[in-house]
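Chemist: Below, each chain spelled out in residue letters.
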Amino acid sequence: MQLQIIIAREYLERVKRKSFIITTLLVPILMLGLMAAPALMMILSEPEKTDVMVCDATGRIAPLLSGNGEVTFTTTDLTPDALRSDEDIQAYIIIGADAVSRPERDITVYTRGSLSMITDSYITSQLNRAVEDVRLEAYNVGDIRRILDEVQVDCTYHTVNIEGEAETSTSSTLSYIIALTTDMLLYMFILIYGQMVMTSIIEEKTNRVLELVVSSVKPRMLMLGKILGIGLVAVTQILIWGVLLGAASAWLMPSLGAAGDVAANEPELASAIALLADPAYVFGIFGWMLLFFIGGYLFYSAIFAAIGSAVDNIQDAGQLSSVATVPVILGIIASMSVINNPGSTLAFWLGIIPLTSPMCMMARLPFGVPLWEILLSLAVLYASFMFMIWLCAKIYRVGIFMYGKKPTLLEIIRWSRY
Amino acid sequence: MEDIILNIDDVSKAYTGHQALDGISLAVPRGSVYGLLGPNGAGKTTLIRIINHITAPDSGTVTFDGHTLCQNDIANIGYLPEERGLYKKMKVGDQAVFFARLKGLDKKTATERLKEWFAKLEIEDWWDRKVEELSKGMAQKVQFIVTVLHRPELLIFDEPFSGFDPINAGILKREILELRDAGATIIFSTHNMGSVEELCDNITLINRSRNILTGNVRQIRERHSGNRYELTFIGDPGTLVGAVEPMCTSFTLGQIDRDGNATATARLRETSDIRNFIAAANSAVELRGFRRCLPSMDDIFVAAVEEYNSKN
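Same order as they appear, the protein sequences are chains L and S.
Those letters in the first sequence? Residues 33 to 450, per our numbering, in order.
Those letters in the second sequence? Residues 382 to 693, per our numbering, in order.
Hints listed in this document are in silico derivations from the structure and should not be mistaken for laboratory results.
Here a beta-carbon is modelled for each residue, glycine too, at the ideal position from N, C-alpha and C.
One or more hints might be untrue.
Said to hold, decoys possible - Within a straight-line C-alpha distance of at most 30 Å, the following computed DSS-like cross-link-like pairs (lysine-lysine) qualify:
hint, chain 1, residue 1, chain 2, residue 2
1, S, K470, L, K48
2, S, K489, L, K48
3, S, K470, L, K438
Stated by the list, open to error - Pulled a few chain L residues facing chain S out of the computed Cβ check, cut under 8 Å:
hint, residue
4, Q34
5, I37
6, E45
7, K48
Work out the full structure, taking the sequences as your base and the hints as a guide.
Modeler: Shown next, in the form of structure tokens:
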């Protein structure tokens with residue numbers, strides 16, 4: 033009963049705030065904007081035109097270089113010194129006499145300022161191809177370049193996941209993106225809402241509202257109510273975003289898929305769209321994320337609560353709160369390697385240990401993880417958060433009445449035995 | 382047998398390297414105002430927290446209303462802490478309802494009673510204002526209401542008057558006495574000895590975590606008076622001294638004012654009879670006034686603490 037009253041206060045005080053409503057609605061728009069921005073800039077920016085002077089001592093490479101819309105190659109007889117002193121020349125290539133046998137030593141590209149990445153990689157690929165062609169000529173096989181071009185294969189493949197009952201089209205790129213996004217979301221939510229618990233406890237303490245509240249409520253109950261109330265705010269936000277995402281999945285994705293003959297030309301993109309258009313898949317990932325968020329949040333917010341109870345002001349909290357923030361950050365860093373190798377033993381253990389499991393399990397999930405592993409990870413996480421809340425409540429109970437001196441971590445841990 | 386609402390028996394509490402309470406015992410009669418006095422850091426707050434079931438004593442027992450104090454009794458206790466605050470961003474009315482519900486009132490009753498109190502203290506228009514817009518004194522009025530709203534049997538006020546101007550302190554004092562007359566028991570922790578003399582029936586003086594003085598205020602003052610009397614007279618001081626000196630352990634002459642009234646303070650021997658003393662004085666000089674000197678609680682407080690500290 034008292035717990036409900038506290039949860040209700042913590043929840044309503046936050047959800048009713050304008051800042052919460054604005055953030056909840058604005059962030060998805062901002063995220064979309066951020067994703068669209070690079071593409072828009074590519075479209076809007078003028079392609080850069082670069083004229084590259086080529087000074088070729090072999091005389092065999094330069095003729096093979098062909099330009100495109102942005103890069104043109106001009107053969108020149110000017111000396112390297114003359115090229116260097118001419119301010120009008122943006123870039124030039126000096127090709128030495130031994131360029132065919134040792135191109136890495138005898139070919140140098142000089143630029144005034146730096147080139148765009150696209151221009152740079154185009155020049156490199158042209159030089160490589162030219163040297164290759166010269167070398168191929170030595171073998172005297174007619175038409176070798178044409179044969180090679182015909183033989184070369186460069187395409188992506190349709191991947192089907194046969195685990196489980198229904199066969200689902202998967203796309204590792206999509207899995208990668210989903211893993212990355214959910215991971216970042218989880219990380220942000222745990223840190224932001226965990227720290228919200230901490231600052232709110234510090235505020236109550238410095239305000240001395242606490243003295244009034246604990247005369248009616250057990251400190252343990254107050255801490256639990258606060259953690260759960262703020263957690264509900266986070267879940268509310270996630271659910272609102274989930275509904276927006278679900279709507280996008282149900283309406284936007286099918287129309288995208290139907291928009292053209294994507295399926296024929298880009299099987300990977302097509303299967304990605306098909307997957308995202310499947311609400312069951314989207315909500316599946318979303319549901320797991322929610323479960324891992326709840327576990328991770330409860331685990332870490334208990335630590336944040338204990339730290340908040342121990343200090344009088346935010347400044348003192350900074351250093352101590354690294355006890356909670358560092359493992360979260362380590363978790364997100366580790367999960368980056370887990371994304372690249374989701375099946376490894378390391379990934380398995382990182383996904384079980386409760387300090388890193390929310391982030392690392394989320395990183396593995398989109399690539400397909402046996403159900404028992406997910407359940408084991410969740411079980412360990414939920415058992416650990418119950419232990420953590422029990423332990424931190426003992427610290428909190430003592431900490432909230434400590435004013436003045438900033439305690440050391442060791443002292444705080446000792447409080448749990450009072 | 383007096384009706385004791387709260388009995389504290391041999392309670393001790395230690396924190397690491399610090400004994401906060403050492404064998405404290407006291408009994409609070411129902412319907413009385415009980416003063417809990419002591420220098421800063423003596424252990425008063427720890428004791429109050431134990432009574433509020435916030436911390437548990439290491440040893441000793443706390444009996445409330447005939448049974449061992451438990452969590453359910455909290456709904457029957459109202460506590461106004463010395464260091465107190467409210468949620469700044471919350472509206473006054475919502476906040477008061479929140480605290481009342483934590484004490485077990487339902488929303489409807491809480492709102493009704495709050496409206497009554499707000500009307501009584503003439504602060505109805507604060508209901509929808511945020512706490513951060515209130516002055517310190519205004520916020521304290523709200524805290525007072527929150528403390529008494531659930532009509533607890535036992536009220537604990539820790540320095541209730543600090544931060545109040547004399548007018549509001551007067552209003553508060555009146556409300557506290559009204560609550561006592563309505564049957565509530567009040568524990569009153571303060572450094573303001575004037576209000577102790579005025580309000581308290583009994584006191585306990587805690588110093589360095591021990592109970593060094595306890596009892597009825599009137600009796601304590603009598604006990605500490607040391608048979609001291611003050612005389613106002615007109616006449617020759619020398620004659621007076623000659624007449625009464627054998628009956629006194631000490632006799633001190635004071636100043637003579639513009640009207641020729643002189644004062645003197647006499648400390649009577651245990652064996653001396655007060656009526657003989659007055660008769661002797663009256664025959665020596667023209668006696669204008671005679672009264673018994675009761676020491677102020679201030680003096681008793683300082684003397685008791687200093688005596689205890691010099692002995693230990």
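Chemist: Now look at each hint and say whether the structure bears it out.
Modeler: Each hint tested on the structure:
Taking the CA atoms of K470 of chain S and K48 of chain L, the gap is about 12 Å. The hint holds against a cut of 30 Å. Restraint check for K489 of chain S and K48 of chain L: satisfied, since their Cα atoms lie roughly 22 Å apart, inside the 30 Å limit. About 27 Å separates the Cα atoms of K470 of chain S and K438 of chain L, which keeps this hinted pair within 30 Å; it holds. Checking Q34 of chain L against chain S: minimum C-beta separation of about 6 Å stays under 8 Å; hint holds.
Given the 8 Å rule on beta carbons, the hint for I37 of chain L holds: about 5 Å separates it from the nearest Cβ of chain S. Because the beta carbon of E45 of chain L sits about 7 Å from the nearest beta carbon in chain S, less than 8 Å, this interface hint is met. Hint status for K48 of chain L relative to chain S: violated, with the closest Cβ pair at about 10 Å, above 8 Å.
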